[in-house]
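Participant: Sequence:
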Amino acid sequence: MSLNSLYDLTAPLCESDGGLPDIASRWIEKACKKGVDAAEISISQGAGYTVTVRLGDVETTEFHQDVSCGITVYAKQCKGSANTSDLSPAALDEALDAACEIARFAQPDACHGLADASLMATDMPDLNLSLAWRMGIEQATEMALACEDAGRGFDARIVNSEGASLSSYGGRGVYANTHGFLGVSNGTTHSIGCSLLGEDANGKQRDYWYTSARSADALDDAGSVGRRAAERCVARLGGATPPTGPCPVLFESEVASGLLSTLTSALSGGLLYRRESFLEGALGTDILPTWLSLLERPRLKGGAASANFDGEGVQTANKAIIDAGQVATYLLSSYSARRLRMQTTGNAGGVYNLILHPQATKTRRELLQDMGRGLVVRELMGQGVNLVNGDYSRGVSGFWVENGEIAYPVSEVTIAGNLRDMFRGIVGVGDDLDPRRHVRTGSILIDSMVLATPA
Numbered sequence: 089m090s091l092n093s094l095y096d097l098t099a100p101l102c103e104s105d106g107g108l109p110d111i112a113s114r115w116i117e118k119a120c121k122k123g124v125d126a127a128e129i130s131i132s133q134g135a136g137y138t139v140t141v142r143l144g145d146v147e148t149t150e151f152h153q154d155v156s157c158g159i160t161v162y163a164k165q166c167k168g169s170a171n172t173s174d175l176s177p178a179a180l181d182e183a184l185d186a187a188c189e190i191a192r193f194a195q196p197d198a199c200h201g202l203a204d205a206s207l208m209a210t211d212m213p214d215l216n217l218s219l220a221w222r223m224g225i226e227q228a229t230e231m232a233l234a235c236e237d238a239g240r241g242f243d244a245r246i247v248n249s250e251g252a253s254l255s256s257y258g259g260r261g262v263y264a265n266t267h268g269f270l271g272v273s274n275g276t277t278h279s280i281g282c283s284l285l286g287e288d289a290n291g292k293q294r295d296y297w298y299t300s301a302r303s304a305d306a307l308d309d310a311g312s313v314g315r316r317a318a319e320r321c322v323a324r325l326g327g328a329t330p331p332t333g334p335c336p337v338l339f340e341s342e343v344a345s346g347l348l349s350t351l352t353s354a355l356s357g358g359l360l361y362r363r364e365s366f367l368e369g370a371l372g373t374d375i376l377p378t379w380l381s382l383l384e385r386p387r388l389k390g391g392a393a394s395a396n397f398d399g400e401g402v403q404t405a406n407k408a409i410i411d412a413g414q415v416a417t418y419l420l421s422s423y424s425a426r427r428l429r430m431q432t433t434g435n436a437g438g439v440y441n442l443i444l445h446p447q448a449t450k451t452r453r454e455l456l457q458d459m460g461r462g463l464v465v466r467e468l469m470g471q472g473v474n475l476v477n478g479d480y481s482r483g484v485s486g487f488w489v490e491n492g493e494i495a496y497p498v499s500e501v502t503i504a505g506n507l508r509d510m511f512r513g514i515v516g517v518g519d520d521l522d523p524r525r526h527v528r529t530g531s532i533l534i535d536s537m538v539l540a541t542p543a
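Quick note on numbering: this note's numbering labels position 402 of the sequence shown as 490, and the sequence is numbered without any gaps.
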């Protein structure tokens, strides 16, 4: 079977015009005829497939499609919204009627409404986000099997597999509003991943690895993904209990990106106007060391989170979120900006391609030598992050370091601190950049956190 027929279904999603823009335009016109003050519509559609293998056999081959549409109307400072997964005219009419009816009974809010018309995006360069991966089911299966085989054959201590998978997805989104704005965004995501189990006299451990990119050409080789998963799994075997107390902590790049995402969450308008962020009132204050900045670059070609416009049609633009250690901007939608008596920053829907600058101050090995004795965090567990006061407590697994070298793996330990102290306590950034994520950073070394082990 050829997957080309599957991509024929997603191909219309990648054209510059077609069904979705027409649908959006027609229902914006219908909303205007309802007598509302303003309206907006967002439609997304996508399709893809996943091949999963386990222990040398095909486990599943799946094709999936999804469609969603949200319609919002504003009338006399009242807001009504309705959603549907059916793009038929009858279903869209029903959704529009429901949104108008909800607005009739909603409480007025002076902060409701579209973003200012003057802020709508007009510059729409091709960001090279949509690159289909055409192959047959046989080839996709062979690549998934090769990934798992490479991992299972890496070391005799690899005793089981949770499987390997290959996925490919293409999607299209359209946003339109009564300012006359209509924007289209397309994108593809492809990935190969593998999860393995290892065992020694101390018990079993699990680890995984994956590669993900907009373009299949940018993916790592399937065999190298399996071997990396096995290498990480074997490295977890033979663990011991580390000493407790304060110590330096090195967050590996894949978890360091999450640490920076926590920072941007605390700067988001929704938390700020509700006074639920430890960074309330932090504009112009120090949060990172003065030698560090956090930059947003929404228009990187092929970026994991690139976009010409945000969720309200506002033009995206480069900016420093943290500039030389100081909070330079909050991250606001038009609603949260009005609540804070500010202007939207073009971040309705989130942030777009974060870059920690400088991206590296030392090699990862140099950071280990600098820490001397401490903890390397590879995996985080639990939800112990309190954005109201900045308290941070997470279960972790990783490695204990002695004399600048990995000594042994550790698991079921806890690290704790406060996010303000942690961010100001960054003393180095490694060169092991993780290219798979929309937050681009290497490992981050923090001078001190408290390490605890189970009683």
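Bear in mind the hints are in silico, worked out from the structure with no lab data behind them. By construction, the Cβ of each residue, glycine as well, lies at the ideal position given by its N, Cα and C atoms. Hints may be right or wrong, so weigh each one.
Unchecked claim - Computed beta-carbon distance windows for the label pairs: (1) P213 with M469: 34 to 44 Å; (2) G492 with V155: 49 to 59 Å; (3) D211 with D145: 20 to 30 Å; (4) T417 with H152: 17 to 27 Å; (5) S169 with T332: 48 to 58 Å; (6) T332 with P213: 47 to 57 Å; (7) R363 with T417: 17 to 27 Å; (8) V538 with T451: 44 to 54 Å; (9) M212 with G492: 18 to 28 Å; (10) D243 with V538: 26 to 36 Å; (11) K121 with T378: 51 to 61 Å; (12) N171 with E493: 48 to 58 Å; (13) T417 with D243: 47 to 57 Å; (14) T378 with V247: 45 to 55 Å.
Participant: Against each hint, give a clear statement of whether it holds in the structure.
Facilitator: Hint check:
For P213 and M469, the hinted distance range of 34 to 44 Å is satisfied, since their beta carbons lie about 41 Å from each other. Between G492 and V155 the beta carbons are some 54 Å apart, a value that agrees with the proposed interval 49 to 59 Å. The hinted window of 20 to 30 Å between D211 and D145 is violated, with their beta carbons roughly 50 Å apart. At roughly 38 Å, the beta carbons of T417 and H152 sit outside the given window of 17 to 27 Å.
Between S169 and T332 the beta carbons are some 50 Å apart, a value that agrees with the proposed interval 48 to 58 Å. The beta-carbon spacing between T332 and P213, approximately 53 Å, falls within the hinted interval of 47 to 57 Å. Taking 17 to 27 Å as the suggested C-beta distance range, the pair R363 and T417 conforms, at roughly 19 Å. Separation of V538 from T451 is about 27 Å and departs from the stated range, judged on CB atoms against 44 to 54 Å.
Range check, M212 to G492: Cβ separation about 50 Å, and the 18 to 28 Å hint is violated. Look at D243 against V538: about 34 Å separates their beta carbons, and that is inside 26 to 36 Å. Taking the beta carbon of each, K121 and T378 are about 56 Å apart, inside 51 to 61 Å as hinted. The beta-carbon spacing between N171 and E493, approximately 54 Å, falls within the hinted interval of 48 to 58 Å.
The hinted range of 47 to 57 Å is satisfied by T417 and D243, whose Cβ atoms lie roughly 48 Å apart. With their beta carbons about 50 Å apart, T378 and V247 fall inside the hinted range of 45 to 55 Å.
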